[in-house]
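Peer 1: Each chain is listed here by its residues.
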Amino acid sequence: MRKKRKIIKYVLTYIILIALALFFTFPFLWVISTSFKGPENIFTWPPEWIPKKPTIENYIAVFKKIPMAKYFLNTLIITSLGVVFQVIFASLAAYPLARLNWKGKNLVFKLILLPMLIPMQGALIVNFITIIKLGLYNTYLGVVLPSAVTIFGIFLMRQHYLSIPAELEDAARIDGCNEFQVFWKISFPLVRPATSALAIFAFTAYWNSFLWPLIVLNSPDKYPVQVGLAQLSSSFEPNFRIASAAIVLVMVPILVFFYFTQRFFIEGYKGAVVK
Amino acid sequence: MKSRKMQVYFIVFLFLGIPLLLLGIFTYYPIIRGVFLSFTKYNMLLGTAKWVGFENYKALFKDKYFYTALQNIMKYLIVVPFIQFFSILLAILVNQKIPGIKFFRTLFYVPVITGSVIVSMAWKWIFNVDGLLNYTLLNLGLIKEPILWLTDSHLAIYSAMFVTFWRGLGYYMVIYLAGLQNIPSDVYEAAKIDGANSKQILFKITLPLLRPTMLFCFIISTLAALKVFEEIYLLTQGASGTATMMYLIYDYAFVRYKFGISAAASVIFSFILLIFTIINFKFFGLGGEKR
Numbered sequence: 001m002r003k004k005r006k007i008i009k010y011v012l013t014y015i016i017l018i019a020l021a022l023f024f025t026f027p028f029l030w031v032i033s034t035s036f037k038g039p040e041n042i043f044t045w046p047p048e049w050i051p052k053k054p055t056i057e058n059y060i061a062v063f064k065k066i067p068m069a070k071y072f073l074n075t076l077i078i079t080s081l082g083v084v085f086q087v088i089f090a091s092l093a094a095y096p097l098a099r100l101n102w103k104g105k106n107l108v109f110k111l112i113l114l115p116m117l118i119p120m121q122g123a124l125i126v127n128f129i130t131i132i133k134l135g136l137y138n139t140y141l142g143v144v145l146p147s148a149v150t151i152f153g154i155f156l157m158r159q160h161y162l163s164i165p166a167e168l169e170d171a172a173r174i175d176g177c178n179e180f181q182v183f184w185k186i187s188f189p190l191v192r193p194a195t196s197a198l199a200i201f202a203f204t205a206y207w208n209s210f211l212w213p214l215i216v217l218n219s220p221d222k223y224p225v226q227v228g229l230a231q232l233s234s235s236f237e238p239n240f241r242i243a244s245a246a247i248v249l250v251m252v253p254i255l256v257f258f259y260f261t262q263r264f265f266i267e268g269y270k271g272a273v274v275k
Numbered sequence: 001m002k003s004r005k006m007q008v009y010f011i012v013f014l015f016l017g018i019p020l021l022l023l024g025i026f027t028y029y030p031i032i033r034g035v036f037l038s039f040t041k042y043n044m045l046l047g048t049a050k051w052v053g054f055e056n057y058k059a060l061f062k063d064k065y066f067y068t069a070l071q072n073i074m075k076y077l078i079v080v081p082f083i084q085f086f087s088i089l090l091a092i093l094v095n096q097k098i099p100g101i102k103f104f105r106t107l108f109y110v111p112v113i114t115g116s117v118i119v120s121m122a123w124k125w126i127f128n129v130d131g132l133l134n135y136t137l138l139n140l141g142l143i144k145e146p147i148l149w150l151t152d153s154h155l156a157i158y159s160a161m162f163v164t165f166w167r168g169l170g171y172y173m174v175i176y177l178a179g180l181q182n183i184p185s186d187v188y189e190a191a192k193i194d195g196a197n198s199k200q201i202l203f204k205i206t207l208p209l210l211r212p213t214m215l216f217c218f219i220i221s222t223l224a225a226l227k228v229f230e231e232i233y234l235l236t237q238g239a240s241g242t243a244t245m246m247y248l249i250y251d252y253a254f255v256r257y258k259f260g261i262s263a264a265a266s267v268i269f270s271f272i273l274l275i276f277t278i279i280n281f282k283f284f285g286l287g288g289e290k291r
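Chains A and B supply the protein sequences, listed in that same order. FYI, in our numbering the residues of the first sequence are 1 to 275. FYI, in our numbering the residues of the second sequence are 1 to 291.
Okay, chain A solo, but in the shape it has when bound (with noise of 0.2 Å):
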């Protein structure tokens, strides 16, 4: 009787998982499925899923009118360029607030949280301005630079700095450490764990981020995946077949990329969201 239950329990979970594994994908199914479809009709009735006539022709004419490559390598740059600065300016901040004792260090400390609790939403205009004024309009750099040093990373790194136990870095010093010493190769090999977690957020953002590359960038050969794809589906719009072609393209490189490191990303968040 008890084995019975448990075996209907293993069933109905298998089956609410493969519902949402469906609910989950089949917009990605269909936009796969029409993308190798020809020309004669899209729809038919029931909708054909697997195509019939199966062609690669929708692919040829992405090839030829995108420049799909180009839109990787430069979400490629932006995105590291941005994942790096995130990374080490939050390191570098976040130390001598958490670890070492000088004046008007609570004072900062305050003042770099200040704007965590108000949402100021003028910077999109204003550093658009700014960005203008410092010569970054249309740069790689000026997409980045707005974002390089978050709030969010400084707090996190702080967290994960306050949580080393300072018997460490003493021992550090009796040993003859000089306070350089002691951050390199005491402090920071410590926090080195959270740095993925910090990176793993870095990179969603910047990965998915649109209206401020959409605002900075100019020229269609500066555009990120993200852009250059939305650009594209609104001069594509009467032809599905081709855009899909396209999402596919992009979609399949994310998806291995997101294969390999998933388990980065779930242990990413452990580390960041409580400790």
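These are calculated hints, taken from the structure and not from any lab test. The model shown is predicted, which means the values in this text are computed figures rather than measured ones. C-beta: ideal position from N, C-alpha, C; glycine also. Please note that the accuracy of each hint is not assured.
Keeping only pairs whose Cα atoms sit at most 27 Å apart, straight-line, the calculated DSS-like set for lysine-lysine is [unchecked claim]:
#, chain 1, residue 1, chain 2, residue 2
1, A, K53, A, K65
2, B, K282, B, K227
3, A, K110, B, K5
4, B, K5, A, K133
5, A, K4, B, K199
6, A, K185, B, K5
7, B, K75, A, K3
8, B, K97, B, K204
9, B, K64, A, K3
10, A, K9, B, K64
11, A, K133, B, K62
12, B, K64, B, K258
13, B, K102, A, K6
14, B, K41, B, K64
15, B, K102, A, K4
16, A, K9, B, K41
17, B, K41, A, K110
18, A, K53, A, K70
19, A, K53, A, K103
20, A, K110, B, K204
21, A, K6, B, K282
22, B, K192, A, K3
23, B, K5, A, K103
24, B, K199, A, K6
Some chain B residues well away from chain A (every beta-carbon gap over 12 Å; in silico) [said to hold, decoys possible]:
#, residue
25, F13
26, K64
27, L148
For chain A, the structure is supplied; the task is to place chain B on it using the hints.
Peer 2: Below, chain B without anything else, positioned relative to chain A:
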């Protein structure tokens, strides 16, 4: 000893210098400058600002889209409790140790990792007049005429909300999953020894211990709902009564080049965000985020 103190101050300046400079330029300065801009007429070509008093605010209050945008972001808040409720359920579901669970977690996360642009484009072709949804409903005989999911001004905003909901579930699921896995297993074991059933464990242990995660998620999800932009931009271009505050701010500044009015909208919007952040903190208690 003196040299050690010097070293400390040297590190303070070295490590904090550039980050504080960048924060100053791109985070603090815009707060002050943004308020100032909202009282001026800004000339993009010359880079000059002329003081116009409350003109921008007056223009904004006369714009009916401003009220539409305010209404829409309030409507959008409905997404928050739904997204949180279902993502907690999802997290509990995928926190089981059964074969293949990692594969399912990955699938549920696919909408997050593909990004808002791809998601919005895919859903646009489902919601379109001649899209998959209407086509299916028509052929099943459930409707007689196609439903204007994206162009009917009563419906369009809800279609966009659904896409936001669908896209956000996986994101919060992973954060809650991390929160669940951070709960030490001996807490559960102790409860089981004391004879607690699974319902009691859920309501007396799991959910209370998840509170700090919930605060975090409610805050970011509330702000994200109020700030929604991508779905609107890509699904409807702000038409059919779907403009949100972020869309309005974008539209004024970068389509119509009225920076002053856009800045005024930003100032008002910032106050709205501030109010909701305070409400969230009050509701979940400030104690929740102290560790």
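Peer 1: Flag every earlier hint the structure violates by its number, smallest first.
Peer 2: 4, 7, 9, 10, 11, 16, 17, 18, 19, 20, 21, 25
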